[in-house]
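Construct the complete structure from the given sequences, taking the supplied hints into account.
Number of protein chains: 4
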Amino acid sequence: MSDINKVVLAYSGGLDTSVIVRWLQDSYNCEVVTFTADIGQGEEVEPARAKAQALGVKEIYIDDLREEFVRDFVFPMFRANTVYEGEYLLGTSIARPLIAKRLIEIANETGADTISHGATGKGNDQVRFELGAYALKPGIKVIAPWREWHLNSRESLMAYCEQHSIPVDFSTSKKKSPYSMDANLLHISYEGGILEDPWAEAEEDMWRWSVSPEAAPDQATYIELDYERGDIVAIDGQPMSPATVLEYLNKVGGANGIGRDDLVENRYVGMKSRGCYETPGGTIMLKAHRAIESLTLDREVAHLKDELMPRYAKIIYNGYWWSPERQMLQTAIDQSQACVNGRVRLKLYKGNVIVVGRQSDDSLFDEGIATFENDAGAYDQADAEGFIKLNALRMRIAANKGRKLL
Amino acid sequence: MSDINKVVLAYSGGLDTSVIVRWLQDSYNCEVVTFTADIGQGEEVEPARAKAQALGVKEIYIDDLREEFVRDFVFPMFRANTVYEGEYLLGTSIARPLIAKRLIEIANETGADTISHGATGKGNDQVRFELGAYALKPGIKVIAPWREWHLNSRESLMAYCEQHSIPVDFSTSKKKSPYSMDANLLHISYEGGILEDPWAEAEEDMWRWSVSPEAAPDQATYIELDYERGDIVAIDGQPMSPATVLEYLNKVGGANGIGRDDLVENRYVGMKSRGCYETPGGTIMLKAHRAIESLTLDREVAHLKDELMPRYAKIIYNGYWWSPERQMLQTAIDQSQACVNGRVRLKLYKGNVIVVGRQSDDSLFDEGIATFENDAGAYDQADAEGFIKLNALRMRIAANKGRKLL
Amino acid sequence: MSDINKVVLAYSGGLDTSVIVRWLQDSYNCEVVTFTADIGQGEEVEPARAKAQALGVKEIYIDDLREEFVRDFVFPMFRANTVYEGEYLLGTSIARPLIAKRLIEIANETGADTISHGATGKGNDQVRFELGAYALKPGIKVIAPWREWHLNSRESLMAYCEQHSIPVDFSTSKKKSPYSMDANLLHISYEGGILEDPWAEAEEDMWRWSVSPEAAPDQATYIELDYERGDIVAIDGQPMSPATVLEYLNKVGGANGIGRDDLVENRYVGMKSRGCYETPGGTIMLKAHRAIESLTLDREVAHLKDELMPRYAKIIYNGYWWSPERQMLQTAIDQSQACVNGRVRLKLYKGNVIVVGRQSDDSLFDEGIATFENDAGAYDQADAEGFIKLNALRMRIAANKGRKLL
Amino acid sequence: MSDINKVVLAYSGGLDTSVIVRWLQDSYNCEVVTFTADIGQGEEVEPARAKAQALGVKEIYIDDLREEFVRDFVFPMFRANTVYEGEYLLGTSIARPLIAKRLIEIANETGADTISHGATGKGNDQVRFELGAYALKPGIKVIAPWREWHLNSRESLMAYCEQHSIPVDFSTSKKKSPYSMDANLLHISYEGGILEDPWAEAEEDMWRWSVSPEAAPDQATYIELDYERGDIVAIDGQPMSPATVLEYLNKVGGANGIGRDDLVENRYVGMKSRGCYETPGGTIMLKAHRAIESLTLDREVAHLKDELMPRYAKIIYNGYWWSPERQMLQTAIDQSQACVNGRVRLKLYKGNVIVVGRQSDDSLFDEGIATFENDAGAYDQADAEGFIKLNALRMRIAANKGRKLL
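Residue numbers (our numbering), protein chains in the order written: chain Y, 3 to 408; chain H, 3 to 408; chain C, 3 to 408; chain D, 3 to 408.
Because the hints were derived from the structure by calculation, they are not lab data.
Treat the hints with care, as some may be off.
As the list claims (entries may be wrong) - What follows is a list of derived Cβ distance ranges for each label pair:
no.: 1; chain 1: Y; residue 1: 205; chain 2: H; residue 2: 243; range: 48 to 54 Å
no.: 2; chain 1: D; residue 1: 113; chain 2: Y; residue 2: 74; range: 56 to 62 Å
no.: 3; chain 1: H; residue 1: 336; chain 2: C; residue 2: 151; range: 47 to 53 Å
In this text, all values refer to a predicted model and were calculated from it rather than measured experimentally.
Note that CB positions come from ideal geometry on N, CA and C, so glycine has one too.
Here you go:
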């Protein structure tokens, strides 16, 4: 194990990754660089500095990546109306490639030859971290402690801390959640515990970012979102940066009981798992983006996007953000958004996101043609006969030749 | 116009199609056969008999098609989780091929050479009726009065009635809705009027099948749906026929403010139009079907279905139910449902359909493998390394050769 | 018919379009502008000038569009390895959008309000011309004489000429081919005549651009094609313009009996038709482009392209070159070609195009990894076990749960 | 290594798998069952019996699987016009799932707990064998010697033989080919040697199943193939079993220089590799099947098949024959073939497969409509105008609203 020199670790400051710091130092006799990012998980990142220092770490990176996260990852993904398996808004999946990218950048800056992370060997996140790392720096080495060590329970981790005098005081920390959680500006997720029984209803006190629909206000909230090239640039007329947009929508969405999801998903590593997610802002963005597209996108472009979306979602879910196929699809998706400009008006009420209006200078909606009233000859109804007859021709020929459909 | 002998008309008993009866008799000097179907539109169909008789119609068909509609059209469509353009549950689209089929059957029974319908020349329904008719009976003739005549306003229709002594008393009928509406067991739709401005919010008193989320009960309703081969066969343990299932879900859904949708869609004839829909039962079925599939469907089958769905939805929307490509896709979709059996538990609350549990004897969810706890060796985490490395190989080679992803 | 002012006609100088000039002048009392393009059909275009003048045409456009045709239409299409229905290289389809574009440009220049063409009402070409025209100039009017007039045989056309003293001497023209033909730099096509029986073998003397494989040289010809960003830029080391590339390949291909195809295709208007095609250069380009991509394209990008190709081909075949969906796909296709650089070596022999070598500075082929010999640890065979096990996991779980595949 | 009890080995009787027998016996102290199949590789399988006996094997399976191979694997695959990456006819890929199935059947019969094969850790075949085995018997154990042992050269294998007195006389065997080869009734493949340089032309004496086009007869051969439900059931009017069909086509194809392919492909394990293939019968079958489909398949069904094909090919290439997604696709493909009946006439000449005629009682080709001559009103050309206008409507609206396509 002597060929490891310096390791950049995705470090949260929590128990698990603190143990990893020490375990890496001991097992590989290597230097550890910690990297802690604020991607909107809602916890202070600065305390990670002291913890890392106490573990003897000399190179400590603490970055605020919130704007980059939303601008370069979340927003591009939402341009595609991306949903995995009909339900999951990819809140965890979309954050991993950013972490992978920063790990590699820091490895390049610090001359590290290895990266490490705290993801387990059963999940998707290991795949996402490592595919990204390999794609961006093919010679990088990866250490995934959870696939190597035998500290497979909280008890053994605590014992390891004691044994190695890890000077981090977890004893006073708040009661450990029974769930495995992940959070960033797009969502918070819950797995494990009673959720491992897909028949068991999630407990109300599990949810952290949103009130229940029941507890939400009895009065609806209306908001207006302004779009430019498929991205939200202002809310209620107020220009906002990408991260501010998402923070705002999380707040107003969470307050109105919006964005909870409870699902069984198919992991890339081959198993089904049950997860609960809160994605208040994302839930609003998905609905609103479809609404502005409904007005501004050509029909065939919209249908093409719909057919490509599941594949695009799968690419992201499986960890291939940093891949040529994702880039090829992104090029097409971004091109389609040139005229996705305008305003969407939404009513938020007790878990519901209701589109109540959409308008755009780039609207392709033509009242003059669509109207039930007199259209002054804009549309010649007689055209429909030829349209139908030629579209029916192949089926008429087939029926004439004796083919049966019933 | 002498080559028309006998016409089967899709007859609602309302003003428009009553005028059509007389107009066909006069313009084509032909016999008219009326066909009125109960597909769950919520209006009595029997009164159509007297109206038709009064118009001199001798062959009058009045059918209750509700079970056939749900069993052979709605249920097969929901096996595919079908949604058009991300929003529309195809409530109108899916009823048309059944009407087309009956029109042709009746034409065959009565020796009619022509069918007729009351759909306009701007919409999708004319296409759906006529494609179906041509596909099932290629030599059939079609008369679409709205594409031919000049009675293009309510006033001119009323004048025609008076002029031709159409003995139907519309004067006492309730105030005409400002909307163009269509209803069947799956949904009711609204178009026209103020909806022609996509920025205008629909008025509360437009909606007929559901209470608003605000007006829905403060107490949630829980229901359990039992699936067999992808179809609901029982609710809360009570076996039910297809139409009964949908009626029940409409009632409980509508009572809980579920199923309203307001959208701009792309018509097959080339224009965008704005529509509002109430699909209470369908909204519940879509969510629940995805939930039972999440437990019982193989991942790759589920993904394949997701990628095929937009195309399948488009086929139905555009009126190609009676086509070989729909049948080819249906064969695959139906095959995929062999193990989609089990139970889904839902919480219905003020517009929300919340999945709170799913279980199945055919579940592919393996707690023993998915668990965060000790899995007793069911899954070897070390396998993940090789999995990731080989999946990364093509990208590592590319990066080694100098390809850039950033 | 008085609302037509000036018509731009796609004019070949032949009998049919000469009759159309006069027929337009007479029927619509309008001015006619002729447009004749050299797109490599192999016939002089300059003689069209005198013929048009003799018909009283004042504005005569004669353009050499060969380079634009290959550079902006043929080459972009070949980047996608485009084939319609597994066989047809879209030789006719790809020329039509260029003609449509020029017709509209000339209409804009000359103040014409209408375009016209000589395509029949049964074929795809009318659709391609008119969709392009409408997409580029939505208010344009279109006259399609073959859909309007009653001159539906050669005899009636000849009679019309005599009657209207059309001063074009066709009497001395060479014997009329029994086939309906179309030619441009990409191909020549044959329809009609004995080809209307799909069981009848095409007669050897029908083919014009290629010798039969039997008559081709007994000695193979080797050529090397250089690619940049997916396009051929040099042959045998000789830099060439796009049109020169295609001319060269047509010559060498035709001389070696390459590029004949005999097929039954599905027209957009709903019928099947039988056509024979000679596409010598295109046949070579398709094979060679796949070869250079096989070396330089990422696997998943290549597969994505393969899955999108049939849809892209259909878009072009159906006449939607000038559409937002074609442009969206083109953006993705073009992006994929950034590294499709290098050289392909081909052996041409009696109808065969045989790839015998490919090389590239952007090659992703890694001999060091692919070798059957010692790879010095570049690839760890042990990784394959984990790769296989995790890929098998979902199927093992299913089998454990009793699912059957046999 | 004591938990292995009995191993079923895919045994060719050659050097490598003979060494594996002994190595398994020694390394795992287990019983070895050999399984040798005739899948048309063109070598006697019976000699494997004596060799296995000499190695102390007690349970020896020697099966003639040729009919099953073609009937249940090759033919179903060709119904989809399956080609991987535009070139490869999947000759190796399609044989592996049959071997996997038999290995598992024999394991069940003999009570073996393990299977083994002679595929390397770099290739696709290990994946195909093992995915199939795991899918059919999830608890099966797999030993892949090439991933475990250190006998990584011919020399070390020979040394092992000597050392372990393997009583197989390879010394008299013919000179070892420089290529890694695989053969079955569908194809023979070559990899390695000078082929590892993708610029190097394959040497003429490498090819074994076909003469070169140059060496093929100067006289063309005509054959007629009869199809039922997409499969060939007779040649030149002679009914034949599936394997006989393929044997016949291999012979006549090989004799006419047909079926050689030289390509670079993307392996599932992540690398590119160069291979040469001879697939004489398959090359004929692909061309002929498309021809009979061109006459008998509905357009939209044909296009749907074309769009699904690359995915279906990838599924087979990657080893997922025994998967629910392949079965779902197969169901759809098979359904589409119900009317793919009729006769195709082919001309075979020096590497060329030329379709010269096709006919079918289920033809959808309608001469009466397609004709350039008078169609007696079967098709109303005026219908085309409405068809085009409505298809253009969305683009006209867009252009009117200022959208640009140029």
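So, going through the hints one by one against the coordinates:
1. Between residue 205(Y) and residue 243(H) the beta carbon distance is about 37 Å. The supplied range of 48 to 54 Å is therefore violated.
2. One distance hint, 56 to 62 Å for the beta-carbon pair residue 113(D) and residue 74(Y), holds here, with the actual separation near 58 Å.
3. Judged by the Cβ atoms, the range 47 to 53 Å given for residue 336(H) and residue 151(C) holds: they are separated by roughly 50 Å.
Violated hints amount to a single one, hint 1; each of the other numbered hints is respected by the structure.
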